[in-house]
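Sequence lines, in order, name chains B and E. Under my numbering, think of the first position of the first sequence as 5, with each following residue one higher. Under my numbering, think of the first position of the second sequence as 86, with each following residue one higher.
Derived by calculation from the structure, the hints in this document are not laboratory data. Errors might be hidden in some of the hints.
[Claimed, not checked] Pairs of lysine-lysine, DSSO-like flavour, derived with a Cα cap of 27 Å:
id: 1; chain 1: B; residue 1: 389; chain 2: B; residue 2: 253
id: 2; chain 1: E; residue 1: 209; chain 2: B; residue 2: 389
id: 3; chain 1: B; residue 1: 17; chain 2: E; residue 2: 94
id: 4; chain 1: B; residue 1: 389; chain 2: B; residue 2: 24
id: 5; chain 1: E; residue 1: 94; chain 2: B; residue 2: 18
id: 6; chain 1: B; residue 1: 389; chain 2: B; residue 2: 443
id: 7; chain 1: B; residue 1: 24; chain 2: B; residue 2: 153
id: 8; chain 1: B; residue 1: 389; chain 2: B; residue 2: 421
id: 9; chain 1: E; residue 1: 209; chain 2: B; residue 2: 474
id: 10; chain 1: E; residue 1: 209; chain 2: E; residue 2: 175
id: 11; chain 1: E; residue 1: 333; chain 2: B; residue 2: 474
id: 12; chain 1: B; residue 1: 234; chain 2: B; residue 2: 244
id: 13; chain 1: B; residue 1: 328; chain 2: B; residue 2: 234
id: 14; chain 1: B; residue 1: 393; chain 2: B; residue 2: 443
id: 15; chain 1: B; residue 1: 32; chain 2: B; residue 2: 17
id: 16; chain 1: B; residue 1: 253; chain 2: B; residue 2: 328
id: 17; chain 1: B; residue 1: 18; chain 2: B; residue 2: 137
id: 18; chain 1: E; residue 1: 165; chain 2: B; residue 2: 443
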Amino acid sequence: MSDNAAPIQLFAKKARVYPKRVWGTFRKLKWASMVVLLGIYYLAPFLRWDRGPHAPDQAILIDMPARRAYFFFIEIWPQEVYYLTGILILAAVALFFVTSLFGRVWCGYACPQTVWTDLFVWVERIVQGDRVKRMRLAEARWGFEKIWKMALTHSLWLVIGLLTGGAWVFYFNDAPTLLEQIIHFDVPWGVMSWVLALTFSTYLMAGFAREQVCMYMCPYSRFQSAMFDKDTLIIGYDEKRGEPRGKYKKGDSWDDRGHCIDCTACVQVCPTGIDIREGLQMECIACGLCVDACDGIMDKLGLPRGLIRYDTTHNQEAREAGLKERSHLMRPRTVYYTAIITLVGAVMLFGLMNRAPVELHVLYDRNPLFVKLSDGRIRNGYDVKILNKAHEDKVYSLSVKGLENVEIRVQGAGEIKADQLHVYADSVGHFRVFVVADKPADARENVDFRLEEVGGANAADYDGVFMSGKP
Amino acid sequence: MSKNNEIDKVSGVETTGHTWDGIKELNNPAPRWWLIVFYITVIWSIGYWVVYPAWPTLSGDGERGGTQGTMGWTQYDQLKEQQAEIRARKSAYLERFENASFAEIRSDEELYAFAVAGGAAAFKDNCATCHGTGGAGSAGYPNLNDDDWLWGGDVESIHETIRVGIRSPHEETRLSEMPPFGDMLSGEEIADVADHVLALSGRAEDSEAGAQVFADNCASCHGDNGLGDSALGAPNLADAIWFYGSEKGDIMSQVRKPKHGVMPTWEARLDANTIRQLAIYVHSLGGGEE
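Let the hints inform the model, and build the full structure from the sequences given.
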């Protein structure tokens, strides 16, 4: 056997990508989306939203200690976490919808991984220079220049990471208060550990992992092909026009050759380091930077733009066949994604509009199951919880239906009447309640607890049981 | 390992020379970073031995019988610290609790919650053995949830019962003793009086002879109408709650040779505050009287 044969490689060696600077429409779009998205991320926690005196006035707030989540007009209690499911379904289907129409615009412009990577690459370029300089520096021996440039790059990355983590925690605390604490170096360790964890993950993901996240970690890039069809907008290389490619010298004839001059500008600017001329690839995040790069070259050559462009497979085929290009926005796929979004959105909206301002929960005692009193009547004990979701104190009246000769007694400090149950604003009132009644026919009698707001229209019901024997 | 081991073609890794059924073992050493971390943890552990109690010694001197560690840290101390912390937290309420009357406690939300919570814990530790975790009792052990009380159901009476016990060695113990009527009454008389007792709660035809026996022998403690007297510890015989059984046979047996339960005094075992908490807790179970 030959020991000289090179071993088969099971793993691809990671080649670092050094994207080259590029100018053009899509680059401008990417800058704009970066500024807008980072702006939203950093400023959103400081938006105020008046909810009255008994609730925080931060528009977007997840208040873990108080178990509340606020999003503008929406307020969610822990047991209403299914709204979150609705939001996630909406987000997922909206993503599918946008993908089937415009391809991976999310990946190219809006995904945090893309935005932060773009920012980190920008820092890298400002400090170390453009692609070629960066590649040379990476290969250079360690000397003064390399040390300070690398140190500065990594320090800036860490600072961005710190700001990223620093902004994240504002969503979980009252932002102005926390900002003041941060300024006075008086940050709780729990907050600080989150900041540091996110600093590190930002540094790792945007500084090192970069396109590897899209290629190996992201599930969406793996299954997005399921949302693709022939009318989905993709980055396409016009093979018919471009091939056969070859080097071009000024003055050469364009006859008998393609318009691609094999300058590899499209490859050099690609943030995931692929060659788009090889066709649609999983690694392509559809950011359009290769379009900008190629258009720039075409302008210089005096050729029409669009050798690489946002395109659909249908149009590519149509051009090859000499037919007219058309865009098909109405397709079964887009129609049923729209239908799902509308349906889920409507259900959510209905749920939020009809969100009960008060809820009642009645848990019956298991030990003792029931108590026989000296006059032969039966007593059951209950833990009653009243969820007052309104932002003002309320008084409720509790009654029970389905029993004869009923008496309701509330056990607690001082005298509490069952028709005068006081519950503070935005909180859960907990009451020990005894119900005394004549022995009903069934050992396990179904009864209705009803809670009515005193001087208000709100009410809540609970289907409970009244035990008078071993069932 | 010999140097002449074959190189695996697929992975380019040396084999160890171990072969099982033609399957060859590759010599992939543990990654260096993993080994370094491992060695660091080994070195780190030495620090633990120095700082914390670690090795048992055979000498067994002192309470700990092992190396003590430079920090002098022990789990015992940690436990004591944590208990002290809890005591300190409780003391904020205890002082107020100690100086407040039952009426004051029962109208103060904070003190009441403190008493019920403390009482519930003490109940499970001390009382649940006989009365059950829910206080529902069983034959011979009273149900503390209902509204029938042998020795009174207001907070003060409950407190007194817990403090001195029933038929306990305490000097002031609650004490009642129903005589064994088996020696004094005939079998027929006992059956008659049992009928009368059942009739008090409307469960049998009254017997005139029984009523006479009752008036002569029982009414002095249980009252003319059998309503009992909590000052004497005499049970109410006219209600729906029966301590030693509700059948005629149970009643006759209790007349003939009464059973007498015993409840220990808790004054010596529990501190005054715990007993007060227990009284409020038992009162809160639902049957408490004013």
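Any of the earlier hints contradicted here, and which numbers? 1, 4, 14, 15, 16, 18
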